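> Working from the sequences, and respecting the hints, build out all of it.
So the protein sequences, as listed, match chains A and B.
With the working numbering applied, the first sequence covers 1 to 162.
With the working numbering applied, the second sequence covers 1 to 556.
Any given hint might turn out to be false.
[What the hints assert, rightly or not] Simulated DEER-style distance windows between Cβ atoms:
(1) D106/A <-> D364/B: 27 to 37 Å
(2) A24/A <-> D476/B: 19 to 29 Å
(3) D150/A <-> V260/B: 30 to 40 Å
(4) E269/B <-> G96/A: 53 to 63 Å
[Stated by the list, open to error] Just a few of them, taken from the derived set where beta-carbon distance is under 10 Å, the chain B residues facing chain A:
(5) L227
(6) R243
(7) N247
(8) P295
(9) P296
Hints were generated in silico from the structure; no laboratory data involved.
Here the structure is a predicted model, which means the values were calculated and not measured.
For every residue, glycine included, the Cβ atom is placed at its ideal position computed from N, Cα and C.
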Amino acid sequence: MQIIRNQKVEEDAWRHVSDGDPLAEGSVTVSLKRWLEERDTLIAHGGSLGVRLAPADELGEILADLPHISLIVLEFPAITEGRGYTQARLLRTRHGYSGEIRATGDVQHDQLSFMQRCGIDSFVIREDRDIEEALDAFGEVSVRYQPAADDETLIFHRREQG
Amino acid sequence: MYQYDNYDQTLVNERVAQFRGQVRRYLDGKLSDEEFRQLRLRNGLYYQLHAYMFRIAVPYGLLSSRQMRTLAHCARTYDRGYGHFTTRQNIQFNWPELEDVPKIMEELAAVQMHAIQTSGNVVRNVTADQYAGVAADELEDPRPYCEILRQWSTLHPEFCWLPRKFKIGVTGAAEDRAAIRLHDIGLELVRGEDGEVGFRVFVGGGMGRTPIVGKVVREFLEKRHLLTYVEAVLRVYNQLGRRDDNNKARIKILVRSLGVKRFRKLVEEEWELSRDDGLELTAAEIKRMQGFFAPPDYQSPGNGAAEVEQQIAADPSFARWVKRNTLSHKVSGYRIAVISAKAPGAPPGDLTDGQMDGVADLADQFSFGQLRSTHEQNLVLADVAEGSLHALWEGLKALELATPNIGTLNDMICCPGLDFCSLAKASTIPVAARINEKFSDLDYLYDLGELKLKMSGCMNGCGHHSVGHLGLLGVDKKGSEWYQVILGGSAANDAALGTRIGPAIALDDVADVIEKILILYVDVREEGERFVDTVRRTGIAPFKERVYADHPKSKG
Ligand code: HEM
Ligand code: SF4
Chain A
1 MQIIRNQKVE
11 EDAWRHVSDG
21 DPLAEGSVTV
31 SLKRWLEERD
41 TLIAHGGSLG
51 VRLAPADELG
61 EILADLPHIS
71 LIVLEFPAIT
81 EGRGYTQARL
91 LRTRHGYSGE
101 IRATGDVQHD
111 QLSFMQRCGI
121 DSFVIREDRD
131 IEEALDAFGE
141 VSVRYQPAAD
151 DETLIFHRRE
161 QG
Chain B
1 MYQYDNYDQT
11 LVNERVAQFR
21 GQVRRYLDGK
31 LSDEEFRQLR
41 LRNGLYYQLH
51 AYMFRIAVPY
61 GLLSSRQMRT
71 LAHCARTYDR
81 GYGHFTTRQN
91 IQFNWPELED
101 VPKIMEELAA
111 VQMHAIQTSG
121 NVVRNVTADQ
131 YAGVAADELE
141 DPRPYCEILR
151 QWSTLHPEFC
161 WLPRKFKIGV
171 TGAAEDRAAI
181 RLHDIGLELV
191 RGEDGEVGFR
201 VFVGGGMGRT
211 PIVGKVVREF
221 LEKRHLLTYV
231 EAVLRVYNQL
241 GRRDDNNKAR
251 IKILVRSLGV
261 KRFRKLVEEE
271 WELSRDDGLE
281 LTAAEIKRMQ
291 GFFAPPDYQS
301 PGNGAAEVEQ
311 QIAADPSFAR
321 WVKRNTLSHK
331 VSGYRIAVIS
341 AKAPGAPPGD
351 LTDGQMDGVA
361 DLADQFSFGQ
371 LRSTHEQNLV
381 LADVAEGSLH
391 ALWEGLKALE
401 LATPNIGTLN
411 DMICCPGLDF
421 CSLAKASTIP
431 VAARINEKFS
441 DLDYLYDLGE
451 LKLKMSGCMN
461 GCGHHSVGHL
471 GLLGVDKKGS
481 EWYQVILGGS
491 AANDAALGTR
501 IGPAIALDDV
511 ADVIEKILIL
521 YVDVREEGER
531 FVDTVRRTGI
541 APFKERVYAD
551 HPKSKG
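Below is the structure:
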């Protein structure tokens, strides 16, 4: 599967393991439920670990485990889903998470720059959409009025600073 | 007024180019109808009964004459020669072609306007007191804070997919003319205990299907924390607001289900964690923004007052207009003039392209080149020297914009109803016209005093019926059009929801029923008592009795 990562198209190096399936070798993601149930086994597994979060999942459930986690996949079941933006931003700015954050689900062109500003750095673009064209999204609007999980400064501070 | 700098202009220009791309992808079949809908809504483009409808932001209701001329030009070139001013101080065009919309956006961008976030589940245009900066009862001008909020909320990456739309209203005056208690967040500039000016924050108000009057979530918020606190509210809402049912997704439902105490606690906890995240405003930043709204170059009054006294004495119809459609100004020698967009027979809030050009000229001649739109769907020239009032009135008469009916029954708020809206259960504009016709005697209207009539064509409540002194709500009964009558609401400081008096009445009877209600009011009112106060004193029972006593056609 192809994904966008750091604004480039590349192959996904991860295996996304369903709840009933046996763990694979290498880099794997599991649901939050499975993470909570099999945490110790997973940490002993040796490969890189990722957790998939649904929009209603509480970040509090994984905060203590963040050092073991190198990918957090946020699910966007519909384009209108907005909770993942807050989840990503808080992971970055409040909880100091520096691993990869990935958006999956109904994810396409017009959400990408907002997601990126909230700290999401990889994207599973919907299969029926043109992944190359989606790359254009990042440069469309260059002005940012407010800080998010990026390095932006509130516009009023920027103007005062000249 | 606020002037774009390079940042603002670049953002708006890039947004137009982005939308052009989205239209192209849609027409190329690369976006589904539903996906494109989400994108166009965030740029003010709806699809209505017959056509696209394009809503353009008028930030806190302030327009330059140049911007008004551009709107006139757009109405003429891309629409059918008129535009509609809305209850949130914006303007809508009802008939643009999709292919033209990016062009219209370009024309708007050239005069520092846009349609960003005028619809969709985002922070919408921030509204304000229409007399901001000139009202005698004002503590401080709210517009600098509105502009600060506008910029902060524009393309805010975290809050572009909220559970539902989000509206903020701000006032700095003693009398609430911005309906802040009926906004998702209402901000009132108040003086704190130590004499410093800050905000009282209301949350969870709104109209729509479940009208609710907002609650105070914070008694006093320092100005520097305006954005830090509002962002904390939005974050709590974005995480906890319902997303499973559109009718329960507004913040008012969240506040109601948690209770304001618990909601307040969640916001305070969030705020504790986020208030240092770079949104605190400095005094210098606020001052810089205030500079854009500095008072114009007022002239000393000369003998304007004496002149206008003479003109008033000489001409009763001018006298009537001055009395009804102008208000006192904080600077002596000046008055605020309200331009009535409620001429008999014209749909409330509509202006033709010629009228728009005309008022732009009048603004240049008489009011420092600026205009305002109001949430009651009129326009305002805020800074008219008394000596110019007569010339202004002549100019407005020629444009058919001098109907002396501000604040009367005929100055009603009215949604588009069946004529333009696919959700409507009843037509509204024809009902408004009939009410206008029936109550055309100005002296009778003046005798009735302040009376806020608000009419919606369905329970979504775009016409604010639930907070009208007299509210009318269109309902469908077996395929025909009926109206519920609601009494005693208000959107001002005494904000309250009205009470339905009984079963709906047939559309044809609406004007007669209003007449009965008003006859009773005139009979029972006490000296100087407003309609709404009489209703509150007597309750709805006497009105109900009068309306249904001999009304065979009513049904449940
Ligand atoms: C033309 C077709 C229109 C449609 C289909 C439409 C639809 C709606 C709907 C569905 C709502 C309820 C949303 C909610 O609160 O959950 C709503 C609210 C509202 N509409 Fe409209 N609308 C239309 C035109 C207008 C116009 C022209 C105006 C201004 C005159 C307007 C002003 C409002 C306002 C102020 C609200 C907010 C009520 C609140 O604060 O909760 N609408 N509209
Ligand atoms: S109140 Fe109903 S009929 Fe009127 S504009 Fe709103 S949705 Fe349409």
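> Does each hint hold? Answer for all of them.
Results of checking the hints against the structure:
no.	hint	result
1	D106/A <-> D364/B: 27 to 37 Å	violated, 50 Å
2	A24/A <-> D476/B: 19 to 29 Å	violated, 58 Å
3	D150/A <-> V260/B: 30 to 40 Å	holds, 34 Å
4	E269/B <-> G96/A: 53 to 63 Å	violated, 19 Å
5	L227	holds, 7 Å
6	R243	holds, 7 Å
7	N247	violated, 15 Å
8	P295	violated, 22 Å
9	P296	violated, 24 Å
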